[in-house]
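Build out the structure end to end from the sequences listed, making use of the hints.
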Amino acid sequence: LTLGAASDALRNLKSLKLKSIEAVDDEVVEIILNSIDEGSLEGIDLSSNSQLTDEVLSSIRRRGTNLRSLQLSGLRNLSAIALEAFFTPIDDLPSPPMLRKLDLSHCSHDEINDAVVMLAAKASSFRSLADAVNSEIEISSSVNPENLVSEITNSLGLVHVNVSGSSISDKSMEMLAATCKSSLEELDVGFCAGVSDKGLGYLVSKVGRQLSKIHVWGCAQITEDFLDGHDRLDEGGLEIVGVWMKKSGGRSLR
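So the sequence shown is numbered by my numbering: it starts at 40 and just counts up by one.
Since the hints were derived computationally from the structure, they do not count as laboratory data. Note that the coordinates shown come from a computational prediction; the quantities given were computed from them, not determined experimentally. Check the hints yourself; a few may be wrong.
[Unchecked claim] Once the Cα atoms are required to be at most 27 Å apart in a straight line, the calculated DSSO-like pairs of lysine-lysine come out as:
| no. | residue 1 | residue 2 |
| --- | --- | --- |
| 1 | LYS210 | LYS237 |
| 2 | LYS245 | LYS140 |
| 3 | LYS210 | LYS58 |
| 4 | LYS220 | LYS210 |
[Stated by the list, open to error] Derived Cβ-Cβ restraints for the label pairs, each shown as a range:
| no. | residue 1 | residue 2 | range |
| --- | --- | --- | --- |
| 5 | GLU61 | SER147 | 17 to 27 Å |
| 6 | ASN51 | SER97 | 30 to 40 Å |
| 7 | ILE70 | SER251 | 37 to 47 Å |
| 8 | ILE129 | GLU81 | 18 to 28 Å |
Note that beta-carbon positions come from the ideal geometry of N, C-alpha and C, so glycine has one too.
Here it is as structure tokens:
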């Protein structure tokens with residue numbers, strides 16, 4: 040497969056969307072990405088392409104040095120190991136992308152875990168790898184999120200996060216609260232059974248007022264302890280989407 044003269048037209052491409060295309064596989068994506076100038080691409084949407092595997096992450100890492108949006112919804116062949124490597128600083132590879140939008144919804148349930156979210160959040164929160172190194176924060180799942188809050192200055196961070204249908208837990212809520220305190224605007228944790236009232240409550244109490252929407256479809260474990268007790272309840276401006284029913288009258292937006 041070659042692109043020929045058409046490859047010149049791709050050199051300055053800013054956004055690539057190849058969604059639900061039967062013929063798209065790792066090789067097709069690699070060829071297209073290799074035709075785009077390094078640093079040009081800012082957004083990639085490869086959602087719902089069943090043939091894509093871990094190999095596509097390597098291609099994206101090498102060419103997406105300025106990537107801000109990554110949508111990989113429904114790619115069930117992606118592994119946790121490959122995703123962790125994608126968001127980890129590695130010698131001879133460009134730094135992990137500093138994303139603003141991350142969509143890993145409806146991938147394999149067990150592969151989208153706390154370690155993946157933690158690494159993605161950290162990678163998106165520092166202006167450069169040097170900032171992370173100078174902060175003396177180890178890139179590992181054992182770091183205390185509370186310690187990150189005071190360490191991250193002039194940080195950027197994730198703005199839109201969708202991990203619906205994943206195995207994440209309250210640990211991810213703690214890490215997002217620490218690394219995306221001033222950036223996170225929308226979060227989708229639908230069908231994430233490991234996220235509790237306590238985890239979401241902690242997130243809401245720590246993240247700034249720019250957080251405007253949390254999706255909780257399929258989260259039967261989320262109760263009125265959070266829905267009618269979170270820190271933003273009285274002031275409004277935070278929409279909780281996907282609550283099936285309530286036993287008592289509350290003031291959270293539905």
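Hints and how they fare:
1. A C-alpha spacing of about 11 Å is found between LYS210 and LYS237, which places the hinted pair at or below 27 Å, so the restraint holds.
2. With a C-alpha separation of about 20 Å, the suggested pair LYS245 and LYS140 falls inside the 27 Å cut-off, and the hint holds.
3. For the hint pairing LYS210 with LYS58, the CA-to-CA distance comes to about 31 Å; that exceeds 27 Å, so the pair is violated.
4. A distance of roughly 15 Å separates the Cα atoms of LYS220 and LYS210; the hinted pair therefore holds under the 27 Å criterion.
5. Distance hint check for GLU61 and SER147: the Cβ-Cβ separation is about 20 Å, which falls inside the suggested range of 17 to 27 Å.
6. About 23 Å separates the C-beta atoms of ASN51 and SER97, a value inconsistent with the hinted range of 30 to 40 Å.
7. In this structure the hint that ILE70 and SER251 lie 37 to 47 Å apart at CB holds, the actual value being about 39 Å.
8. Judged by the Cβ atoms, the range 18 to 28 Å given for ILE129 and GLU81 holds: they are separated by roughly 22 Å.
The structure shown violates the earlier hints numbered 3, 6.
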